[in-house]
Amino acid sequence: MASPRGNRRRTVLILLILTSITVITLDSRGGDSGVGGQIRNTARDVFAPVQDGVDQILQPVGDWWDGVTKAGAIKAENRKLRRQLQAARGEVATAKSAVRDIRDLRTLSKLPFATDLKGVNAEIILGSPGNFEATVGLNKGSDAGIASNQPVVSGAGLIGRVGRVSGQRATVVLLTDRDSGVVVRNTRTNQRGVINGHGDTTVLTLDNIDGDGTMKAGDLLVTAGTDGGPFPPGIPVARVTSVRKRPGDLLARVTVVLLANASNTEFVRVLVWPVP
Amino acid sequence: MIRAARLGLFLVVLVVVQTTVMPHMRIFDVVPDLGLVAAVALAVRYGPETGAAFGFAAGLAADAFLQTPLGLSAFAFGMTAYLVGVAQNALVRPAWWVRPALAAGAGIVAGLWFVGVGALVGQSQLWALRSIRTILLAAAYDGIVALVLFPITYAVARVGPRDIAGVGAPGYGSA
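So the protein lines, in turn, are chains A and B. If you number the first sequence the way our numbering does, the last residue is 276 and the count never jumps. If you number the second sequence the way our numbering does, the last residue is 175 and the count never jumps.
Hint data in this document are derived by calculation from the structure and do not stem from the laboratory. Don't take each hint at face value.
[Said to hold, decoys possible] Per the computed footprint, the stretches of chain B lying under chain A, defined by three or more beta-carbons under 8 Å from a beta-carbon of chain A, are:
1) 25-37
2) 56-62
[Claimed, not checked] Which chain B residues face chain A? A few, computed with CB under 7 Å, are given here:
3) Val21
4) Glu49
5) Ala52
6) Pro69
7) Gly78
8) Val121
9) Leu126
10) Arg130
11) Ala138
The C-beta atom is built at its ideal place from N, Cα and C for all residues, glycine as well.
Next comes chain A alone, as it looks inside the complex:
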């Protein structure tokens, strides 16, 4: 005969399994508008002020931790960045001039399309609290006009897309996330391919390459902007770093590095896309 304690344990186990399955099912089927989504959004908004306060207090601690764990890499990166800064200053001056020229030309020719999309500027305030996703948290949410699946960019290029959104918070699913993928176009050869996230690294591979042509290291990849796609066309995404094709291989292995890196980005712009 089973003891009362054994019965209680079995009851707890059955309750645990049934409740979990119910919650998972409700959330999977209901999405953000369901009961699960409402619970999640409420929890995120309730914790938002506390997270803001604690994050501001602990920012120096986080910086110190980064300094301890990444001192060598930071020194090397610092040297590299100084060199790049000199080059970038020249490029910025050229680019500013080019932007002015492009605006003038666009105004003059009255092109039927506009590349300037409306958007919402937001600050990255949180990293991912979990181990199986590459995300960052923004300090703005649906109250500021941010919606799920909108593209998110930094000055360097595409960062990712908006995931879950509550009133005061939005989560950005980064391009490095395993659930991310973006169709890109080589600006030199017009070949298309797909960049899929693999986790924590910004060095990825370009898959499903189509079209004629040969990619080269240094080629710029921008969003292809497929019909009804999640990203507008022409946003810089990555640069080809190497192209390897061994004898007998049908396709070359193309390695790319993402241009925008959320770990050294503070402000991003959430683009209104598709244009309403």
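With the hints as your guide, set chain B onto chain A.
Okay, now just chain B, sitting in the frame of chain A:
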């Protein structure tokens, strides 16, 4: 303050720390699951029911900040704490390394639950070889954190004179 209220407040603190402090404390790009470690601590001392209940609540709170379906971490944490609570009866004389080893083992089990059940409910991106590396590294981090979090959890969950009796059968170390 009664024990249930203390544990509730403790859970809120863990959620705040997990979402604000831990992202800054990544090592090899993983963070420990504080809610899981605390649930394991409770399961070891107070049995599978207490551990499972706290694990479920901690997991549900963690799910609110993740992209994966609500309830996935709740199931993984609750089930793992339950199993640890059942298994702890076999531990007679705990050595110093038992706590971190238990937390690390629980981290592996919870990670496998998370990935396995996640893949079943449509999170196919979790079903990757890379997840094994993530699970192992996070489990090791859980083990390190357990050295600090187990005593804190026990201090919070201690049964005081004002608490209602009958919180579950005590396990080792409570005598």
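Hints, one by one, checked against the model:
1. With a cut-off of 8 Å between beta carbons, the segment 25-37 of chain B has 7 residues touching chain A; three or more are needed, and the interface restraint holds.
2. For the segment 56-62 of chain B, the stated coverage by chain A holds: 4 residues have a C-beta nearer than 8 Å to a C-beta of that chain, and at least 3 were required.
3. A cut of 7 Å between beta carbons decides the hint on Val21(B): the least distance to chain A is about 6 Å, and the hint holds.
4. Because the smallest distance between the Cβ of Glu49(B) and any Cβ of chain A comes to about 5 Å, under 7 Å, the interface hint for this residue holds.
5. Because the closest C-beta pair between Ala52(B) and chain A is about 5 Å apart, less than 7 Å, the hint holds.
6. The restraint placing Pro69(B) at the interface with chain A holds, with a minimum CB-CB distance near 5 Å, inside the 7 Å limit.
7. This hint holds: Gly78(B) has a C-beta 5 Å from the nearest C-beta of chain A, less than the 7 Å allowed.
8. The beta carbon of Val121(B) comes within 6 Å of a beta carbon in chain A, closer than 7 Å, and the hint placing it at the interface holds.
9. Contact between Leu126(B) and chain A, as hinted, is supported at the beta carbon level, the nearest pair being about 6 Å apart and thus within 7 Å.
10. Here the hint on Arg130(B) is kept, as its CB sits about 5 Å from the closest CB of chain A, short of 7 Å.
11. Interface restraint check: Ala138(B) against chain A, minimum CB-CB distance 5 Å, threshold 7 Å, status holds.
Figure legend: structure checked against the earlier numbered hints; every hint is met.
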